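Protein chains: 2
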Amino acid sequence: MNQKLARLFSPHSVAVVGASNNFDKLGYHVMKSLVGNYRGKIYPINPKDYKIWGLDSYASLGAISDNIDLAVIVVPAHMVPDALHLCGGKGVQGVVLITAGFREIEDPGGSVREEEIREIAAHYNLPIIGPNTFGFVNLSSGVNASFTSEFSRIEKGGVALISQSGGICHLCGFLAIEQGVAMSKLMSLGNRCNVDFPELLSYLVEEDSTTRVIALYIEGLDKPRRLLEVAESLRGKKPVIAYKAGKSEKGDSASRFHTGTLAGNHAIWKGALRQAGILEVDTAEELLDTAKAIDACPLPRGTHIAILSSQAGPGMIASDALEPAGLKLCRFSEVTQERIDQLLPPVAIRTNPVDMGPAWYNPKNIIEILKTVLGDRDTDGVIFLAMYASANLKLVEGMVEYMKSIESFQKPVIACFSAPPGVWDEPVKALDRKKGVVTLPTPERAVLAMANMWKVGFLMNRKR
Amino acid sequence: MNQKLARLFSPHSVAVVGASNNFDKLGYHVMKSLVGNYRGKIYPINPKDYKIWGLDSYASLGAISDNIDLAVIVVPAHMVPDALHLCGGKGVQGVVLITAGFREIEDPGGSVREEEIREIAAHYNLPIIGPNTFGFVNLSSGVNASFTSEFSRIEKGGVALISQSGGICHLCGFLAIEQGVAMSKLMSLGNRCNVDFPELLSYLVEEDSTTRVIALYIEGLDKPRRLLEVAESLRGKKPVIAYKAGKSEKGDSASRFHTGTLAGNHAIWKGALRQAGILEVDTAEELLDTAKAIDACPLPRGTHIAILSSQAGPGMIASDALEPAGLKLCRFSEVTQERIDQLLPPVAIRTNPVDMGPAWYNPKNIIEILKTVLGDRDTDGVIFLAMYASANLKLVEGMVEYMKSIESFQKPVIACFSAPPGVWDEPVKALDRKKGVVTLPTPERAVLAMANMWKVGFLMNRKR
Chain A
15 MNQKLARLFS PHSVAVVGAS NNFDKLGYHV MKSLVGNYRG KIYPINPKDY KIWGLDSYAS
75 LGAISDNIDL AVIVVPAHMV PDALHLCGGK GVQGVVLITA GFREIEDPGG SVREEEIREI
135 AAHYNLPIIG PNTFGFVNLS SGVNASFTSE FSRIEKGGVA LISQSGGICH LCGFLAIEQG
195 VAMSKLMSLG NRCNVDFPEL LSYLVEEDST TRVIALYIEG LDKPRRLLEV AESLRGKKPV
255 IAYKAGKSEK GDSASRFHTG TLAGNHAIWK GALRQAGILE VDTAEELLDT AKAIDACPLP
315 RGTHIAILSS QAGPGMIASD ALEPAGLKLC RFSEVTQERI DQLLPPVAIR TNPVDMGPAW
375 YNPKNIIEIL KTVLGDRDTD GVIFLAMYAS ANLKLVEGMV EYMKSIESFQ KPVIACFSAP
435 PGVWDEPVKA LDRKKGVVTL PTPERAVLAM ANMWKVGFLM NRKR
Chain B
15 MNQKLARLFS PHSVAVVGAS NNFDKLGYHV MKSLVGNYRG KIYPINPKDY KIWGLDSYAS
75 LGAISDNIDL AVIVVPAHMV PDALHLCGGK GVQGVVLITA GFREIEDPGG SVREEEIREI
135 AAHYNLPIIG PNTFGFVNLS SGVNASFTSE FSRIEKGGVA LISQSGGICH LCGFLAIEQG
195 VAMSKLMSLG NRCNVDFPEL LSYLVEEDST TRVIALYIEG LDKPRRLLEV AESLRGKKPV
255 IAYKAGKSEK GDSASRFHTG TLAGNHAIWK GALRQAGILE VDTAEELLDT AKAIDACPLP
315 RGTHIAILSS QAGPGMIASD ALEPAGLKLC RFSEVTQERI DQLLPPVAIR TNPVDMGPAW
375 YNPKNIIEIL KTVLGDRDTD GVIFLAMYAS ANLKLVEGMV EYMKSIESFQ KPVIACFSAP
435 PGVWDEPVKA LDRKKGVVTL PTPERAVLAM ANMWKVGFLM NRKR
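Protein sequence lines correspond, in order, to chains A and B. Counting in our numbering, the first sequence runs without a single skipped number right up to 478 at its last residue. Counting in our numbering, the second sequence runs without a single skipped number right up to 478 at its last residue.
All clues given are correct.
The list treats identical chains as one, so a pair stands whether inside a single copy or across any two.
With a Cα cut of at most 25 Å, we get these calculated DSS-like pairs of lysine-lysine:
#: 1; residue 1: K418; residue 2: K443
#: 2; residue 1: K46; residue 2: K408
#: 3; residue 1: K39; residue 2: K378
#: 4; residue 1: K418; residue 2: K449
#: 5; residue 1: K408; residue 2: K39
#: 6; residue 1: K252; residue 2: K449
#: 7; residue 1: K170; residue 2: K252
No wet-lab data here; the hints were simulated from the structure. The structure presented is a predicted model; accordingly, all values stated were derived computationally and were not measured.
Construct the complete structure from the given sequences, taking the supplied hints into account.
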C-alpha cells in the first residue's frame with residue numbers, strides 16, 4: 015500500500031475524469047488547480063469538449079495511450095462504477111474520488127453504491143481517496159489534485175494534515191497561508207473507501223521523507239483500534255498530533271450523520287490517543303501552531319523555559335501562561351545571570367522573565383542575551399517576545415543579521431514578533447522558521463505551542 | 015476632567031516638543047504619525063531645525079502665538095519639567111508625555127522626577143497621559159498622537175482599548191489591523207501621572223459617543239478600589255471587558271518592577287472585576303474578538319444558540335465548544351423545523367446544528383434558513399460557518415446580495431467565513447461587521463465570543 019500511495023501522491027501523469035470549462039463544475043476547479051502548477055502530463059477527460067483549459071481533451075480514459083498514475087474523478091455518482099472499471103482496466107495506480115452521493119447521504123442507494131465501488135477497488139487493488147472528498151495537495155512535489163487551487167499558495171514544508179472533514183481542511187489550509195505554516199501535504203479522507211487514517215499515517219511516517227510532523231483531524235472511526243495500533247507501532251518515529259471532534263453529545267451525533275460513524279465517548283478517545291503516543295490539542299489554531307513549531311524547531315528536552323521580552327507586558331502574559339500549560343520558568347546559573355547583567359543597563363528586570371527593553375536599540379546585545387540563555391544548562395527552550403513598530407525597523411534588520419548559530423544550541427526558540435502588517439513582511443518574516451526560530455501571533459500561543467512540543471516528545475519517547 | 019480629556023483626545027492644534035527629522039528619534043515618528051493624517055494645525059518644536067517634516071519649526075512653545083490644545087513631549091527626562099511649565103503657562107489643555115526615565119527605572123532619581131512633574135501638573139490642572147507611554151490614537155477624529163504611525167491603519171469603529179502596557183497595545187493594535195477590529199481609541203497609560211483607568215473609563219463611557227465597548231489591559235494598580243468603584247457606578251452604560259496580567263506569582267512580581275505596583279492576588283481581582291460589572295477574558299485575541307463582536311452585534315438575550323454550518327466538520331467543532339463556554343444548542347419550534355426541511359434537500363442534518371451543505375450553491379436558501387432560525391423565539395444568537403474556496407465565489411456574492419434585514423432581528427450572528435486570502439478581501443469582507451453580522455477566524459473563537467457577549471450583558475444588567 016505504501017508504494018501505491020507514493021505513486022498516487024507523486025504521479026507522473028494525471029487524468030481528470032469530468033474535466034470542464036464551466037466555472038460552476040468542480041471539474042473546472044480541479045483543472046484550475048493542476049494547470050500551470052503540476053509539472054507532469056494532464057489528461058482532461060470529457061466526451062463533449064475538444065479542448066479543456068487549453069489542453070487536448072479525451073472522450074474517455076480508454077482513448078489515452080500513455081500510462082496514467084492518478085485519476086481524479088468528478089463525474090456524477092451513477093457514472094462512477096464505470097469510471098473505476100476503466101481505471102482498473104488501464105492500470106491506473108490510484109484514484110481521488112471527489113464525487114459525493116455515497117454512504118454520506120440518507121438515501122440507502124448511497125450505501126449500496128459505496129459498497130459497489132469498494133468491491134471494484136478491491137478487485138483491481140486500487141487505492142481510492144474518497145468518495146466525497148475535496149482531494150489532496152502534495153506541496154512537496156507540486157501536485158494539487160483538489161478543487162481548491164488556492165491551496166497551492168501554502169508554503170512548502172514539513173507539516174502533513176490528514177482531515178476527516180473537507181471544511182476543516184479548508185479552514186486549516188487558509189489559516190496556514192495566513193500564518194506561514196509550511197506544509198508537505200493536505201489531504202481530506204472523505205468516506206474512506208479503502209484509504210483511511212492508518213494507511214496514510216503509515217505512508218507519511220515510513221515513506222514520505224518530506225513530512226516531519228503529522229496533524230490529524232478526527233471525527234469518528236468504524237475501527238478506531240486499527241488507527242491506534244498503527245500509531246503505536248510507529249511511535250517515536252515522527253510526532254503526531256490530533257484535533258478531535260465529537261467531544262459533546264451533540265457533536266457526536268452530528269458525526270454519526272456526517273461520516274456514518276459515532277465519534278464515541280471522548281474520555282476513551284483521549285486516553286487511547288495518549289496511549290498510542292498521539293498528542294491531542296483543542297483547537298484548529300493550536301493544531302497548526304504546534305505543528306509549525308515542531309516542524310521548525312528541535313523539541314525541548316524538559317519544561318524549564320526562559321522568557322526574553324522586549325517589553326514588560328508581553329513577558330508578564332507569557333509568564334502567566336507557563337504554569338497552566340505545564341511549564342515553568344528556568345533558573346539561570348550565576349554565570350548566565352552575570353552575563354545578562356553586563357548586557358543590560360541597570361534599569362530593568364534581568365532575572366527570568368527578562369525585560370530586554372533597555373537594550374531595545376541594540377540588536378547585538380539582544381542576540382547575545384538569547385545565546386547566553388540558550389547556553390544555560392537549565393534552559394530547555396526560549397520564548398522570545400518583541401512588539402515592533404516602524405521605529406524598530408533597523409533593530410529587526412540587525413537581529414536578522416546577528417541571529418546566527420542559534421540552531422547549534424538544539425533548543426527551541428518560539429518568538430512572537432508582532433509588527434504592523436507590511437513592515438512585518440520583510441525582515442520579521444525572514445526570522446520565521448529559520449535558524450531554529452519559529453514565530454507565532456501572540457505570547458499565549460507561543461507558550462501553548464512550547465508546552466505541546468514538550469508533551470509530544472514525552473509521548474513519543476514514553477516506554478510502552 | 016472629562017471635558018479636559020475630550021479636548022486632549024480631539025485637539026484643534028498639536029505641538030510636538032522634541033519633533034525631529036532624524037529617523038532614530040521618537041520625535042521623528044510622532045511627526046510621521048501626525049503629518050498627512052491629522053487635520054488640525056501641527057507645531058513642531060525643536061530649537062535646531064527650521065523645517066521639520068516640511069513644516070515650520072518653533073524654537074520653543076513660547077514662540078507660538080496660537081492656542082495649543084495638546085502637547086506631545088518627547089524631549090529627554092531632565093528637560094520635561096521646564097517643558098511642562100511652558101505648557102501650563104501657555105494654557106495647553108493636555109499633554110502626552112512619551113519620555114521615559116521616571117518612576118519605572120531603578121534609579122531613585124526617576125521617582126523624584128515623577129513627583130516633580132506630578133506637582134507641576136497639579137499646579138496647572140493639566141492632564142498628562144504618561145510618562146513612559148507610546149501615546150494614543152483617536153481613530154474617530156483622526157489624531158495619531160503616538161510614535162507608531164501604522165496605528166492609523168486600524169479601521170474606525172466602536173472599540174476603545176486602554177492598556178497599561180505599550181507592548182500589549184502594539185500587539186492588540188496590529189492584530190486589530192489584521193483581523194478587522196474597528197476601533198475608536200487606543201491608549202497606553204504609561205506611569206499614570208494623573209490620568210489613570212478611572213479617568214479614562216469615565217470619559218469613554220460618559221463623553222465619548224464613538225466608543226461602544228471598552229477593553230482594558232490591566233497589570234497592577236496602586237488603588238484598584240478606585241477603578242472598581244468608578245466601573246460599578248457606570249455599570250450598565252457600556253460593556254467593559256478586561257484582560258489581566260499577573261495571574262502567576264512570577265507575572266505578578268514582574269508587574270511590580272514594571273509599573274511599580276503589585277498585580278495582586280488574582281482570585282481577588284477576578285471577583286472584584288465581576289462585582290464591578292467587568293468581564294474578564296484570558297487572552298489578547300479573546301479580548302479583541304469579544305470587543306469586535308460586541309461592537310458589531312446586539313448582545314444575546316440568553317444562552318440558546320443555533321449553529322448553521324455549510325460543512326459538517328466546523329459545525330461539530332462549534333457544537334463541541336458550546337457547552338464548555340456556557341452556551342447550549344437552542345431547540346427549533348415545529349414551524350422553524352418544517353421551514354428548514356423545505357429549504358434543505360433530504361440528505362443532510364436539518365436539526366440544530368444544521369448542515370447546510372446541500373444548499374451550498376443556493377445563497378437565497380441559505381439566507382432564508384438564517385432568517386427562519388433568527389425568527390425562532392428560542393434562538394438567542396446564531397453561529398454561522400462556511401469555508402469558502404474560489405469555487406464558491408458566486409455563492410458569497412449572492413449571500414451579500416440576499417443578506418438584508420438580518421439586523422431587524424436584533425440578535426447576534428457570529429460568522430466564520432474562512433476563505434483564501436485574496437478571494438476573502440472582496441465579498442466576504444463585505445459581510446464583516448455589516449447588518450448585525452461579525453466574522454471571526456475559527457469556529458471556536460466564534461463560540462467563545464458569543465459566550466462572552468452573553469456574559470457581558472449578564473454582568474451589565476445584574477442587580478448590585
